[in-house]
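Residue strings, one per chain:
Protein chains: 4
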Amino acid sequence: MLFFAVSASIVPVYSQTQSEGPWWPNKLWGASDQSGGSNWITPEKVLKAFSLVKTGKIFELGHPYERGMPMPGQRSYNIFIPSFPTYAPSGKDKVVFNDEYVTAEIGQVGTQFDGPGHVGRLMRMKDGTTTNVFYNGFTEDKMRDPYGLQKLGVENVKPIITAAILIDLAAYKGVNTLPENYEITLADVRNALARQGMKESDIEPGDALLFNLGWWRFWPDKKTVEGKPAYGGRELIDWIISMKPCMIGSDASLDAGPEYMVHDKVILENGIFNLEFMNFESMQSGNQQYKFLFMFSPLRLKGATGSPGRPLAVF
Amino acid sequence: MLFFAVSASIVPVYSQTQSEGPWWPNKLWGASDQSGGSNWITPEKVLKAFSLVKTGKIFELGHPYERGMPMPGQRSYNIFIPSFPTYAPSGKDKVVFNDEYVTAEIGQVGTQFDGPGHVGRLMRMKDGTTTNVFYNGFTEDKMRDPYGLQKLGVENVKPIITAAILIDLAAYKGVNTLPENYEITLADVRNALARQGMKESDIEPGDALLFNLGWWRFWPDKKTVEGKPAYGGRELIDWIISMKPCMIGSDASLDAGPEYMVHDKVILENGIFNLEFMNFESMQSGNQQYKFLFMFSPLRLKGATGSPGRPLAVF
Amino acid sequence: MLFFAVSASIVPVYSQTQSEGPWWPNKLWGASDQSGGSNWITPEKVLKAFSLVKTGKIFELGHPYERGMPMPGQRSYNIFIPSFPTYAPSGKDKVVFNDEYVTAEIGQVGTQFDGPGHVGRLMRMKDGTTTNVFYNGFTEDKMRDPYGLQKLGVENVKPIITAAILIDLAAYKGVNTLPENYEITLADVRNALARQGMKESDIEPGDALLFNLGWWRFWPDKKTVEGKPAYGGRELIDWIISMKPCMIGSDASLDAGPEYMVHDKVILENGIFNLEFMNFESMQSGNQQYKFLFMFSPLRLKGATGSPGRPLAVF
Amino acid sequence: MLFFAVSASIVPVYSQTQSEGPWWPNKLWGASDQSGGSNWITPEKVLKAFSLVKTGKIFELGHPYERGMPMPGQRSYNIFIPSFPTYAPSGKDKVVFNDEYVTAEIGQVGTQFDGPGHVGRLMRMKDGTTTNVFYNGFTEDKMRDPYGLQKLGVENVKPIITAAILIDLAAYKGVNTLPENYEITLADVRNALARQGMKESDIEPGDALLFNLGWWRFWPDKKTVEGKPAYGGRELIDWIISMKPCMIGSDASLDAGPEYMVHDKVILENGIFNLEFMNFESMQSGNQQYKFLFMFSPLRLKGATGSPGRPLAVF
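From first to last, the protein sequence lines are chains A, B, C and D.
Using this note's numbering, the final residue of the first sequence is 315, and nothing's skipped along the way.
Using this note's numbering, the final residue of the second sequence is 315, and nothing's skipped along the way.
Using this note's numbering, the final residue of the third sequence is 315, and nothing's skipped along the way.
Using this note's numbering, the final residue of the fourth sequence is 315, and nothing's skipped along the way.
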């Protein structure tokens, strides 16, 4: 049962106001920013990313969206073809047309991109009120609407064309899939980079950091959402933030409840976006690259909390 | 009222069978192809497209998706935020989460990409039966399903990274918007190209041909779907097909009922896809380019007839 | 734009707590009641209602539910037939089946019954917190859930089989439809009853009070929801409450913003339900009756705020 | 996978036309009838049903509708509360409102009433065409529409107020639940009636015949739709039809695939409706009655194939 419970006694007291708080205004992007890490994608960043391309070969890094795919909690995805064909024959050639109709938490199912309006924190404000605060200090009263977020909707995220660093943790550990409940350490990441012949200095601000846990192998089995994939610990989270990526991604979520520290620290506090349930099957070939052009642009769904998409790598 | 009416007497008789007919098997892509013009996007094509990039500046060529946007007929788009926040506070930091829930003909509203399963034709087959036939001869019995097309779903379309040729018809005519009901001629296109300092030989197979009618200026007014935008006549359609693009696009649909010749000839017969209701506002700046890197990848919505997306130009 | 704005300064201060407040616990039904006026429907009440039946003739008092019907604000109603038929031929007789798929604020469109969870009030509590309080003092924290109300869902409303008193205000005024923005007075009601040969003493606790404003004549034109129908003033509202009906109904809502006093006083404070947008066309015949068996049972939609239905009179 | 497959060779040949066929025009109700068995509900029938009422006690004979309830195949039921409250405080009393939003095959989930448009048969017509034919000979071309059936929508079913005969098969057999896959015989029914002190002559045309299989005990477990409940055999089906009820009901469907003879013969051929997944828990008390006032009125959902509802018995 999901319900809203206010318990004044256990809410930590801060001195935050609408204009200033523990993570706002955002030091990189300023008080009114709603675009977070996607601000890193300057023309220079784009050119630099394109310069990585050698062959022009495209690799899919996401899953298709379909009925029955694994989804957590009460989320659902339904698709219908209204009649068939939807539209009657028209004209001399008797042309017919089909529509589809989809009902879903469309930005929060399958390969899903968490936007700036997805994660908040219940906080006590200086004036004694309690409210939910989101990226860059945007508060509930400014955002809330039954028909789409008034602020921090995913339409504020700019296109992401950047260099991705693939950190192949599963390959580093020599397993198909990292063990369940495994807390990924910073040493794991550094060793994985080393195995790939890379250094931390290969990572530049505005890059995308992608983590292969091997969890994609379970898709589309229910284990994908019912199991407990490996996740990032506090040390790793701090390191991620220090690397200043525009976004992170993995074939799970990199996170674990009840603290959800990745969502809390990476997305909420820093506006670094998180692409979940990626698919690294295409990265299992022989001629592996670990730094490549990566592209993901969320749909401009006004007021949505996240977006589906088609993450691509180009070698 | 939309209903399915079979009238045997006015259905033209062909000698088509499941394996052979007026537009199938597809001469370029073969009998089993479901990917149409997206097959043009080879690594070489991608490299060539990237070589056009000089500054790395990104331009949006689509509209956001939102409640109340203009949609034809009975199509609809609804988005909700279930409660707010959707999920109760969790952990020490009392992290909360929002989902959105969307219900829509998601691939057929707003800036919409028509996939291979969208357009068919009611035909009399050699064996006397009447059925709907789609791209590359796929017939209703192989496709039909209440929960998503079994063949020719939009998930079959490969990512599109190519060179786009923008044919600015409105600028050529010296108007904000082409007149309603105006039939665009081949001469219009050639003259527009000339005005842009371009030749037909600048167009290569697998390119995207984008037509600016100036219709984007009406968005999001209802006129967008209730007016009668300029459209492509038969001569233009034949020329488009001869140019062998992977797809076409415009800020309307380039088509007109009841014949819907663009859908019928370009998409259905040739598997050249059509991106409708694009937005060329970003192309109105001074430093105009008319041949540029263009990227559009439909969502892999299994069994869908089309897809939303985020068409981008990079200069 | 609908957003949640807390403004501490203009919220009136009460001494209410979870267990006691201006309208709770409910004096008739007790502290834990979630069924409101439907509690009046005892076996005795049912027998008494049936005793009114003379001919067995049934009259429809609602509208059908259909695409395009007038709905306020952002509410919507969509219905689809997935393929046709939805299910393929089965068995020797090649039996086929159709489903429909509906997406709507199903309890808040068309002829709609407002349940106990529909109306609340933002209040300052004794402990200084501010929360939304509903019928019988149920508070937000006990009710709120993205997937259906945890308390006061419409499934708590018992079946309603009772005597209805039709108060034909339009006929009393000698008009087809009461004027827009007209405030209905208690004198209007008493005179209407008198015209009908009735007395206030004909009204018994647990009856349904139905008001004909003549607004049904506009259905399904948009004016139904865009116009300003006649509404009940404070005097009438107090009288309604004093009559102790189980519910009221009308061919509009009987209410007007921004105070929404009918919803506020009748439903919220007293648990007397409100059936809106009824249809009194069937009551326009010669052999009129004004006190008759009336039946309306909301669907047991767990966690819903209201319900569609099929209100019937039997003479 | 559900797909439409025409196989001319195994479709039996009839001499049927639009106006005449094996089950049309309907002998009781005429060629244009869309209301089927609900036509039995005359004023006389209603009066007779009311005369059965002795105590006025109401009994629920259906299940609530809720997320996670058992549903067959791909059907789904989702309910949301958009924000909470959906509407911001209004007026001096800061009145707030909640809506719900439901997406479902609303007439084909839970306690569901199959309307006249739900069941058809694929048939070869005299003119050689093949089409789906429904109750009273209505053909696909007259009904089909992506946005709701054009004929035989459930809105055509008149309110049902009648006498119900409860045939308690589980009690007769002395079990909680009839065995899975058990074919119910006519002898079973006759013996059950006898145990109840009833005769077939207690059944009058236009009654509702309700069958307790004890299957309600599994609700809401998935077994409800994944198990194989007892069903009516051919002999029973013929007897049901001979009794001329307005409808039948049970706590399962009384039917079994692939022949679906109940749907095929009872609903399709005779327009006798079928209420599935009823709940007979309230009928398990000591003071049992087996003939009682029964009321079920489908929602007037224009173009729907079925309807939810709130079936009630009154003793």
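It should be emphasised that the hints constitute simulated quantities derived from the structure, not laboratory data.
Any given hint could be a false lead.
Identical chains blur together in the list; that is why a pair holds if it fits in one copy or across any two.
As the list claims (entries may be wrong) - No farther apart than 30 Å at their CA atoms in a straight line, the calculated lysine-lysine pairs in the DSSO-like style are these:
#, residue 1, residue 2
1, K54, K244
2, K94, K57
3, K173, K57
4, K126, K27
5, K173, K222
6, K291, K158
7, K48, K94
Report task. Evaluate K291 and K158 at a C-alpha cut-off of 30 Å and name the case that applies: within, between, both or neither. Result -> both (21 Å within a copy, 22 Å between copies)
**Report entry** Intra- versus inter-subunit Cα pairing at 30 Å for K126 with K27
**Finding:** within (21 Å within a copy, 40 Å between copies)
Requested in this report: Classify it for me, K173 with K222: is the Cα-Cα distance of at most 30 Å met within a copy, between copies, both or neither?
Outcome: within (24 Å within a copy, 41 Å between copies)
Report task. Give the relationship of K94 and K57 under a CA distance limit of 30 Å: within one copy only, between copies only, both, or neither. Result -> neither (40 Å within a copy, 44 Å between copies)
Requested in this report: Evaluate K48 and K94 at a C-alpha cut-off of 30 Å and name the case that applies: within, between, both or neither.
Outcome: neither (50 Å within a copy, 39 Å between copies)
Query raised in the report: How do K173 and K57 come out at 30 Å by Cα distance, when the copy is not named: within, between, both, or neither?
Result: within (28 Å within a copy, 40 Å between copies)
Query raised in the report: How would you label the pair K54, K244 (within, between, both, or neither) given a Cα cut-off of 30 Å?
Result: Both: 26 Å inside a chain and 26 Å across chains, each within 30 Å.
Going through the hint list in order, the structure does not satisfy hints 2 and 7.
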